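Chain by chain, the residues run as shown.
Protein chains: 6
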Amino acid sequence: MKKKVISLGDVMMRLSTPGSSRFTQTEMFNILYAGSEGNVASALAGWGVHAVHVTRFPDSDLGRAATASLRKFGVDTGSIVYGDERMGLYFLENGAMQRSSKIIYDRFDSAFAHIQPGMIDWSEVMKDAQWFHWSGITPALSQGAADVCKEALLVARKLGVTISADINYRRNLWQYGKQAIDIMPGLIELSDIVVGGVTDFENSLGISVSDFEMGCKEVQKKNPAVKKIANIHRESISSSHNKIEGLLWTGKELLRSQQYDLTHIVDRVGAGDAFMAGLIFGWTNEKTDKQTLEFATSSCALKHTVEGDVNVCTVQEIESVLNGINVGKLLR
Amino acid sequence: MKKKVISLGDVMMRLSTPGSSRFTQTEMFNILYAGSEGNVASALAGWGVHAVHVTRFPDSDLGRAATASLRKFGVDTGSIVYGDERMGLYFLENGAMQRSSKIIYDRFDSAFAHIQPGMIDWSEVMKDAQWFHWSGITPALSQGAADVCKEALLVARKLGVTISADINYRRNLWQYGKQAIDIMPGLIELSDIVVGGVTDFENSLGISVSDFEMGCKEVQKKNPAVKKIANIHRESISSSHNKIEGLLWTGKELLRSQQYDLTHIVDRVGAGDAFMAGLIFGWTNEKTDKQTLEFATSSCALKHTVEGDVNVCTVQEIESVLNGINVGKLLR
Amino acid sequence: MKKKVISLGDVMMRLSTPGSSRFTQTEMFNILYAGSEGNVASALAGWGVHAVHVTRFPDSDLGRAATASLRKFGVDTGSIVYGDERMGLYFLENGAMQRSSKIIYDRFDSAFAHIQPGMIDWSEVMKDAQWFHWSGITPALSQGAADVCKEALLVARKLGVTISADINYRRNLWQYGKQAIDIMPGLIELSDIVVGGVTDFENSLGISVSDFEMGCKEVQKKNPAVKKIANIHRESISSSHNKIEGLLWTGKELLRSQQYDLTHIVDRVGAGDAFMAGLIFGWTNEKTDKQTLEFATSSCALKHTVEGDVNVCTVQEIESVLNGINVGKLLR
Amino acid sequence: MKKKVISLGDVMMRLSTPGSSRFTQTEMFNILYAGSEGNVASALAGWGVHAVHVTRFPDSDLGRAATASLRKFGVDTGSIVYGDERMGLYFLENGAMQRSSKIIYDRFDSAFAHIQPGMIDWSEVMKDAQWFHWSGITPALSQGAADVCKEALLVARKLGVTISADINYRRNLWQYGKQAIDIMPGLIELSDIVVGGVTDFENSLGISVSDFEMGCKEVQKKNPAVKKIANIHRESISSSHNKIEGLLWTGKELLRSQQYDLTHIVDRVGAGDAFMAGLIFGWTNEKTDKQTLEFATSSCALKHTVEGDVNVCTVQEIESVLNGINVGKLLR
Amino acid sequence: MKKKVISLGDVMMRLSTPGSSRFTQTEMFNILYAGSEGNVASALAGWGVHAVHVTRFPDSDLGRAATASLRKFGVDTGSIVYGDERMGLYFLENGAMQRSSKIIYDRFDSAFAHIQPGMIDWSEVMKDAQWFHWSGITPALSQGAADVCKEALLVARKLGVTISADINYRRNLWQYGKQAIDIMPGLIELSDIVVGGVTDFENSLGISVSDFEMGCKEVQKKNPAVKKIANIHRESISSSHNKIEGLLWTGKELLRSQQYDLTHIVDRVGAGDAFMAGLIFGWTNEKTDKQTLEFATSSCALKHTVEGDVNVCTVQEIESVLNGINVGKLLR
Amino acid sequence: MKKKVISLGDVMMRLSTPGSSRFTQTEMFNILYAGSEGNVASALAGWGVHAVHVTRFPDSDLGRAATASLRKFGVDTGSIVYGDERMGLYFLENGAMQRSSKIIYDRFDSAFAHIQPGMIDWSEVMKDAQWFHWSGITPALSQGAADVCKEALLVARKLGVTISADINYRRNLWQYGKQAIDIMPGLIELSDIVVGGVTDFENSLGISVSDFEMGCKEVQKKNPAVKKIANIHRESISSSHNKIEGLLWTGKELLRSQQYDLTHIVDRVGAGDAFMAGLIFGWTNEKTDKQTLEFATSSCALKHTVEGDVNVCTVQEIESVLNGINVGKLLR
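Chains as they are written, first to last, in the working numbering: chain X, 7 to 338; chain C, 7 to 338; chain Y, 7 to 338; chain H, 7 to 338; chain D, 7 to 338; chain U, 7 to 338.
Don't read these hints as lab results, they were simulated from the structure. Model, not experiment: these values are computed from the prediction. Be aware that a few hints might be false.
Same chains, same names: a pair is fine if it fits in one copy or spans any two.
[What the hints assert, rightly or not] Taking lysine-lysine and the DSS-like style, the derived pairs with C-alpha atoms no more than 30 Å apart in a straight line are:
no., residue 1, residue 2
1, 9, 156
2, 249, 108
3, 293, 335
4, 10, 249
Using the sequences provided together with the hints, build the complete structure.
Written out as structure tokens, the structure is:
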């Protein structure tokens, strides 16, 4: 029987300029539908997991297109609800070399931001689920979204569903009167697995440390439910060239994955979500912590080779790369 | 010396599906920047008029792209102001045959909707102007926009600038607590030239008649300042095939233009704005009422042959068509 | 609870030249995945029906892409099986005016053509189903496909599932040693609803008549199980301009739908499948025969306005067109 | 053994705006290589004729691309010569409905315009040839081109090669100091077959008549070598809709082809060349005058259904259309 | 007089995803026509060689498009034969960084696979030829293709035509009941020049060595007719970054070319064919072994800079690169 | 008040092959309008400078499109004049790795090449100007262009406008009978700021030195008006990878900027113009020589990250890069 993983979060229309075009140059946008938690669900669905994504879309052709996009990835869209408001959007301009990539968000007032407790029947949604995933973007969008997130977490804990949280701190969200530090501690304390780095710890949890390992220990001290903490360490040489390495604090020790040299980046958006999806896949498939970390980091690396927010590479491709098999060969 | 025409109104990013694609099918949008009053200004600028468009854009790459687009048409963008909010958007799906074209607006909360009296120095903007043009879309967007529109009208009247109004009634705008009937009469009474039909008269002016000519007489009775009233009469055989005819109430008689059979429509959005621009061009160039009406209707017809909201056809092309010269020939 | 409709048939990769390009001119193909019965399922899924499509795909990225495409339309792909062989293909060149559209099939030896009885657990698939749909293309592909079709029909009859058959006679299929006349009578006699015209009756059932109504009576005489027979009557003025009308023999009388003048055809492939889907939708939703015929014919007409084999228009759009509401208007 | 047909003339790079875009809107051009006489050669090569096109290209990548394009059509490019000058160009904007199509030529000073007598070994080129084709564009380009044209005609006559001439009068060519009336009579008098209408007769031959048949008789009176005269009669309802009919003066009587209603024109450039090619094909394949005229007119009609200057439709397609077989059907 | 080189082999339609798109993401394919031996012929034709490619295509628009494509490259297509079967296809997904490029072949049952001895008049084709080229792909496709290959080799030897063989071992071909080791030795023993590496030697010739030079000596020992053996040594750092070096066993010594660092690969398919073409060009133009190897390796390197299977770079460009002249400069 | 900068020079239509396509492969060109001095004006306009570009265009849709393009960048086009001749063109093929980029110019006989003294009212144009910029391309095009350049320089000197000159030596221009060495010394001696390298000094000024600093001293010795000399030092590793460094001779010392490693070049055309624009921006904004050099070199580097001839990056982006802030980060 398939593993069942539940995720919650807004999915936006992504409008990206073609090739190296800038916002001020383009006469067209490529579009697709994406959002941090939905990206995790989409990757997992592609790997054979029963991934249920919960969100709220406008009851319009754009909302229907977003649902169809998730279905195409294989995500179970049966728990999505619909409302009157607008589709959240984000505009993406791909950088090159010394020129940075840029995102302009236009997501306030989206149908998801208007979600309210009671709209989702969480007991029904979480039935038979192994895992629930949320990220710090959801409580940043509106009080309603924060409340729904809490509502879900309480049901998940009650049902013994494992909970993962990607802190995903973004300063320019949190516009509805609350700050991350007001809300996130109460949500993280309900979570089993956390992804984040020292900046996330400081802004969302009030933990100021300069070292990841020290930070992990502090997070666990304050949040006894948290069992493991992971993060991607990224070195940005240019928009076209990064190096990444995965880190995992197992509760006892700090594991490091092999490093990947990403010399010709195709699209780096969603790389963190590919890492998150890899962690969930590893642990729900009884991989060891080390195997899970290597799988997740390889997933993250391969995400940089494909367009879009979702890692559409297969389990076999991810494992080939982490094992150094056929890398860069022409497969006939 | 060039004629100077001022216009006021929001300019949105237009995102249209390519060819016959539907919203639920497309993976890209063609984009350009458009809005009823800015379309009028753009057409006029292309015909050699000094057209100044007044609007408010977000202070972002998208706002800068919109300004650049107006500049490309030759519009004077020196009076545009910038603010913090978002760019208004509209999504367009082109119909075909029995399938209707569809527009999804996403324009609430745009930078323009946040315009407030005092932001524009109207005395400066209107200096040496012949004409001021506004439409019923502006007061429909927000109280601030309605107030700025009134502010502009009062300055225009004081300076003796001719005022044209396109009633442009759209039921699903007017969401800020006021209805057209609350606001429009106070603006139309300040205007010299009006474009509208019986539906506009009923919804925006409270004048219920079934006949255009009767309606025009009623409008003038209630609004002594209004001198002339024009409209396009359109017969929609299908999304691909329409017939149009221009009507002009001169205050004394009803003139009718020749009819145009539009058998292979390329893009009908902005056709009313092309008509409006033609009227302004005719009257500011001392054409007779009949000549002005024929020019405006030919402009409207030619707009259906080009993509985008703006009639990019030249004065010479418009006059060739209305005179039946070289129509449909291959010009080498 | 949703209606459940089962369909069986090959789904191919469709490779179409862009715009008016010919096979000998093009440097690219637009692709999508399509096949007569899967098109029916896709339209039904878009209208809210629980549509389960049964097929066999190659276990490759192309097979996975085909599955994802069906999922995007909302089709339940849980009963699809996978094998080693190739993806069936068809190449499409769109005609214009006097130049005919052309299809080059490259579908022999597809994974579906290698389907064998026993590969599908029909009792499981048909559980709780209202309807089973098949077409004459399936038995034309291979002995195995013909056998699986029979296998499905027998289970459907046993479970009391209504059966629809689209005769879909194509001379250049039937290459495996059998002719339509050898196989089709044994399958049609198990069906409740038939779509076909006089050519189909002659080639697939051995019934030679020149008149549709007479043919229907003959079909029923030979096949007592058949309750209703429908067809689209098409007049091809050119590749760009057709007229269509729906016909339905109710068992008692011949009903005719309103006629549609299709003056600017976008894509006529799949129009028959849109008609078929409309019939199934009407009858499973307790519409009368007349309502069902009008719905199906309007669905067929609207299919000509969209690219691809599938009618992606909504129930509301189909009903607006058949009721003459807003046809060809710009909907804002 | 294949028929051998020789043609002479400049081949330009054609740069056309995509879809309905105007010159002032486009950010790209579709390109191909075309010219009146080369278009004739390309159509003939597609129909199995050994078509040798003689021209002069710049010795650059653009010249090589033009040669490759002719080769792709199957034209024998072995007699092309190369020089230092530039590639001739023409820019094409496709019209729609009332908006005319426009061509901007940029062809002066092309490598072909610098051709000089002696550069082509005509005795070698014309060996075993049945037919030589030239048009009035060549002598219009430069004195050198006019001289080379005469040089070719004299060799052709000496060798008994049939000569066809398309008068193709274009007022805005003829910029090198000579007018058509100075040059064309001396070339037409060497030709066997002429294509042209009353405007061509007047401007190029000084024959002023209002009626085609009368004009033909006058042309023959002055030019005893001319045996037959043909033309396309075109009615331009709009850029999207034309009607055409072929006319042929056999020397004894005026034949008229069936009329074609071209309701959705894809690209009308090169239609005259498709007619010319059809005439040459008919007569070199022993068709009667009537058959030849019908073939040529059907070829002309089908040209309007394809992009580019060349009729890429096959002999079978042309004959199906003129016989009314399968017109507008979907051929599977 | 031009050198005449004959090649034999299937040419497929290549369908490649645009940019970095994956098979499961794309909605279009770029197409061109390619195959190992035809790629060699196409490169040679571009360099001024009289290259005759022999193959068998379906008698359809797709077969005609393939022929036209070869003609565009300048290949002599006069010896191609046509039959009823299908066009072979291959699908290509371009990799990026750690993600490998993938090819899905769909070439079984192609018209070429149905070629039979007697279909080609080899004595006629080989008249005046200097060189005949074949590869190990042809005998892998079918018994008929293997027989035709042998037939050609025997005629070539009889006429004293130099024979080159590219072993090109591909495990997943050879599906018709024979293995490479059954067929290839009998064909290689008739060849003068061989391209291959240690894997090819092992699988196709049964020679197991770990070192190229040792392998060459063994090949020559077993095949006295073989005079020279060459290969590309490739280091695959990633899909985007390779290093290559050419190796040539002259019969006496092992020559090594300069190494090329290919840091931003555009398209690596056909690189081996560009090397092969370079060898043939060098030796038929009386270059020394060292010059020939450097030319061939530079040709191989430049192939990685262009899209498609064929090296479309000129002789002058190849020589500039191998001499380090203007490399990477902007040439105005 | 805005700085006012005047520039003079031809603006061509640039036709570039898409992606990595070669001239002999492409079926389309991307177009934009560009030229060395207009590129400088466009960059400056984007940075808020009042940039007036003076040129002469054909009075056609192409000339109007070129004007519109400059307007889109914000350039003041009010001083452009129009004439009868053609638009200058250049064709661009982007290189990759070892394959060089290529430009084919087709600019002779352009409307600008026909410019004559007296066509521009320089006293009016230069009113209130701070700066006049010209380059060595203008006097290379025609005697008229050289004369107009001199005319402008004399007015500028008289009015005390600072003059910058980009020597821009191109051997294959200078076709009208004069060589650079005949004309350039008389123009450089009127200039304050010079951009050029040792090759430029030799060919345009007759100064033969092997070292930039020595050359600068010689230039100043001969041209006392010249105050500062700058250049970009470029190392071309491949078409995809360059390193650049800016050099500035202040009259007293040689300053060097930081070096930029350009590892994934998007488009290097116009990089020198971006450097030139950066110098003008720096000095007209009271930056120090060192700050100006760093700004100009960062501008040059960023130009390599965008398509087109113009640096469309903002002042803030340029300063971030030179200060190493957020380089290669994803900015949300």
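These are the hints, each one checked on the structure:
no. : hint      : verdict
1   : 9 / 156   : within (23 Å within a copy, 36 Å between copies)
2   : 249 / 108 : both (19 Å within a copy, 25 Å between copies)
3   : 293 / 335 : within (27 Å within a copy, 33 Å between copies)
4   : 10 / 249  : neither (33 Å within a copy, 45 Å between copies)
Hint 4 alone, counting from the list given before, is not met by this structure.
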